[in-house]
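Taken in order, these protein sequences are the chains called A and B.
Mapping of the first sequence onto the working numbering: position 37 corresponds to residue 37, and the numbering continues sequentially without gaps.
Mapping of the second sequence onto the working numbering: position 507 corresponds to residue 507, and the numbering continues sequentially without gaps.
In case anyone wonders, no lab produced these hints; they're calculated from the structure.
Where is the CB? At the ideal position from N, CA and C, for every residue including glycine.
Among the clues, some could well be false.
As the list claims (entries may be wrong) - Among the chain A residues that face chain B by a calculated CB cut under 8 angstroms, a handful are: (1) His56; (2) Tyr60; (3) Lys67; (4) Gly74; (5) Phe79; (6) Trp97; (7) Arg99.
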Amino acid sequence: MVAAAKFDLPQGTLDLLILRVVALGPIHGYAIAQRIQQISRNALQVQQGSLYPALHRLQYKKFLAAKWAESETGRDAKFYELTAKGRAQLKSETESWARLTELVALILQDPEGELS
Amino acid sequence: MNWWRRLFSSARLEQELDQELRFHFEQQVADNVRAGMTEPQARRAVRLAFGGLNQVKEDCRESRGTMWVTSVAQDIRFTLRTLRRDRAFTIVAVLILALGIGTNIAVFSVVDTILLRPLPFLDAQRLVWIAGNNGTGALSDTTFRVDAYEEIQRQSQSFTEMTAYVPFFATSDAKLTGVGEPRVLAGVWVAGNFFHMLGIQPQLGRLFTPEESVKGGRPAVLLSDSFWQRQFAGNPAIVGQAITLDNQAVTVVGVLPAGFDFGGVFHPGVKADIFTPVVMDNIRNWGHMLSMIGLLKPGVTVAQAQAEADVVYPQIKAAHPEWMTDLAVKITGLKDHVSGTLRRSLIVLWCAVGVILLIVCANLSNLLLARAAARGKEFAMRSALGAKRSRVVRQLLTESLVLSSLGAALGLAIAYAITSYLAHQGSIALPLLSSARVDTSALVWTLLIACIATLFFAIVPTLRMSRGNLQDSLKDSGHGASAGRKHERMRAALVISEIALACVLLVGAGLLLRSFLRVLDVDLGFEPSHASAIKVDFNDDGKPARRGAILKEMLRRVSAIPGIEAAGISDKLPLDRNRSWELGAKGRSYPKDANHDAFVYIVTPGYLDAIGMHLRAGRDFNWADTPTSQPVILINEAAARRDWPGQDPIGREALGIGDGVTRVVGVISNVHESSVEEAANPEVFVPVTQGSPEGGELVLRSKLPPGALAGSVMSTLRSMNPGQPATEFRPIQQLVDHAVSPRRFFVLLVGTFAGLGLLLASLGIYGVISYSVTQQTQEIGIRMALGATQARVQLRVITKTLKLALIGIAVGVVASFCIAALISSLLFATAPTDPLTFACMILLLIAVALIAGYLPARRASRIDPIVALRCN
């Protein structure tokens, strides 16, 4: 469930976005949501209801590792970082995403398929 | 963190989850405050954006992959709580299931032991039974002479190895002296390689060495485990020592393992104490002596071995006309030989318990449906509160699974009791039964049965309950509305099928019971009641005249004991061990290869009276028949009909018995010598003074119980022969019981199952009728208030019961006709459509149905209209 009214994130893309954001360095859940929102210029708002289950799922799949550490505000927060497995996953997912969008764009731009 | 860690550290995970989400929440609030909101405003905004915190948590938990375990645990806890609350229902359901599952496991264990499991030997699948005379006839027909055994061994290409034993146990019995009272041991003579080929390793000592089975070798003996325990108290020091058998020192070379049960495999009911290596040269000229077992070469099939035998053995026979033997052999898998004839009976038994399980499932389905009606509201409420349908179904299935698990656990205990009881019934002549037990495969079977049963009995009530329209169920269980018609139709259908199944079981059991009664009614040709036998020992130095004198004196002294009505001696008893010789009328030509064997008994004068055989014509033997007088024989009617058809055989001369010509002096009625159920074969009786008996069985006829006679008879025998071993009196009835024991076993089991089926079906009827009376309390109250009499109300309920019963019986009878045709080969002198059996069983079912219906009917008629109208 992503940002009501603003955008529907296709299935599975949230995982990819999370991996991408976490790849920048250890980061906690709230910051991940903020970062996605910022980068997308507020177009994407990740709800907690999908963010945390996704984080946990990725953690149990061993794409992410988690540890508790002090946050910038001084409170303890759960920081996620990418594992080697997660890095490989991010790479292959990014490639297949690029390929997919390329193909989708190709088909959409096909002049013969133009809607009359 | 792996799955197991996640499962077991859920408390920590919960706390972390809470902390993580709280952190997010607080950060958001802090950001909002920074953006200019007041603290309460910020909190409110965040809370709104957050949605249900619990929903988020639940989704996170779901992602752990351990949710289903916790919810199953929840379901089970809840189930146990409900079942505990509804104790009566739980007990009845578990008991019914336990009976159904228990009988199924027990029968499976028996079927597995006798039919499915390979024999407890090495390479059991490659062992074959090689029987002479195409596998038919008396022991003397199916056995081989030593020369033939050796020649077959030399010429056959199909076998890795062959071995043999001597099935004429009277010959191999041995008298043990020097250890307490002299006693006769049940011995078996086996070829030297017997145990080695079967892969039996002694638990102590060693097997026989080749030198021990040649002439002049050191005498050796192996003890069976039970005999070793009984006689030597399991003392291992006995190995290597000598014991005295038949006045000869014999070395005990080893003790066989407890798991080896010779009788159980080869001769059910025969017990074997000791095994002696047979010296082939000693019995070379004794005629047919050996039962043969072969070990096929790997890859060779029974059919290939049979094909080889069909070609090669006649060549052997042609090369040795002097053997006078007929090498037409039949080769069967050893397992087939041991239990092949029981296959059909066992399958019937298996089907019978299968039917029981079906009835149990129908019954339980019914109980659950009744419960469903009572719980309709509960489930409607749960659905209304948001329980998914899958969750409700799971809850119901969990309940059913818990019930059948409890039933299966109790059933296992029942099965364990039944199998260990059966395994210790030495008197049942079924092979391998003593090794029946609940083993791993039975446990797997239990699991399977329990799951199948759960599916069967749970599926209908579960679907019914979970499908229910919310509004309807909330309304339907309101006061006054009679339960859904569909619901009741379903229950009626279940009861009808229960009655039909019970009917099939009852008819099957009835037919088997009638066959059994017919078998007991068979005129055996002798009178088993009031007769008993004891093995006697005498030393005649092989001189017939001396033997006559000893036995005449023995019988004189024994007959003088008060209470003894008749006494006589035979070397073999009917329905016990046997042997056969050729018998023919002198001057009559027989077609070549025709079997004209007759069973031979060597007896004293007076034996016929003692055992209760009937002389039809001529005379019994007397002491004037001596070794030097005219050789005489008695024959039975079957022999007279075969060899002297249409003539009076008295005074005619016969060939084949003894050395020359014998004269027939009497004819007796047929005696069932080897089977109660098969027709009697030709028999010949020879006086002890003119034949050589293999031991002696003293048969006494007396109204006194054998126990009362034992002392005086034994002291009389000891006064003549101090070496007379201590042996027990065997009631002749015991021989008959033993012979009919397999049939008795099956009748008893199938009968018990039929009774169980009837009980369950009656419970089913009672349940449904009783339930419908409860549901209609108000209606009945109104009827009575409007003037219906008690009798009328009762009649209505009973009519309803009868209607159910009659439909069930109609279906059942049709099914029974089909089933009965399938079991016709198991019946004896009973038609599969036997009208009496069908009529009796139908009446029995109707009677039981009436009783089951009468109880609720009576309750209905006692309904007080005022109370009935008010209480609803």
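The hints, checked one at a time:
Because the closest C-beta pair between His56/A and chain B is about 4 angstroms apart, less than 8 angstroms, the hint holds. Annotation: Tyr60/A was flagged as interfacial toward chain B, and the flag holds, the nearest CB pair being 7 angstroms apart, inside 8 angstroms. Interface restraint check for Lys67/A: the shortest CB-CB distance to chain B comes to about 11 angstroms, outside 8 angstroms, so the restraint is violated. A least Cβ separation of about 11 angstroms between Gly74/A and chain B goes past the 8 angstroms threshold, and the interface hint is therefore violated.
Interface restraint check for Phe79/A: the shortest CB-CB distance to chain B comes to about 10 angstroms, outside 8 angstroms, so the restraint is violated. With 8 angstroms as the threshold, the beta carbon of Trp97/A stays out of range of chain B, its nearest partner Cβ sitting at about 22 angstroms, so the hint is violated. Of the supplied interface hints, the one on Arg99/A is violated, with its beta-carbon coming no nearer than about 28 angstroms to a beta-carbon of chain B, more than 8 angstroms.
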